[in-house]
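Per my numbering, residue 1330 is the first one in the sequence shown, and the count goes up by one each step.
Among the hints, erroneous ones may be present.
Stated by the list, open to error - Mimicking EDC-like on lysine to aspartate or glutamate, the simulated pairs with C-alpha atoms at most 16 Å apart in a straight line are: (1) 1347 / 1428; (2) 1347 / 1396; (3) 1347 / 1430.
Derived by calculation from the structure, the hints in this document are not laboratory data. Since this is a predicted model, take the numbers as computed values, not measurements.
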Amino acid sequence: MYRTYEEFWVYYVSEHLKRSTRFLHALGTTGVLLLPFWVLWQQAWWWLLLLPVLGYAPAWISHFFIEHNRPATFTYPLWSLRADFRMYGLILTGRMGGEVERARNWLVDPSSITVR
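Please put together the full structure from these sequences, using the hints given.
Encoded structure:
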């Protein structure tokens, strides 16, 4: 159990070490962010029901078939949502690599990480 979101963040990143996992997460998050605009444009409100599927399906597929782990959403739903958007921002700005390296170090030596 993690006491703070920052402790959880390092764990979350360690569950997303493969680039293809992060890509599928970003693909789903992009869809979640764009779908509401399409719904407004088309006035097709029922499409909003697809938001959870659009967001979770690519992420869960990546965990089960690429990363071979269990999605953190199952245990930490709110922190996972927050972390997904944080990861998305870091991917878009090209800064996710540093967080992945930090998580790899944490897996080798948990005491090597100081929580920010």
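Exercise for review: Hint by hint, work out which the structure violates, then give me just those numbers in ascending order.
Suggested key: none
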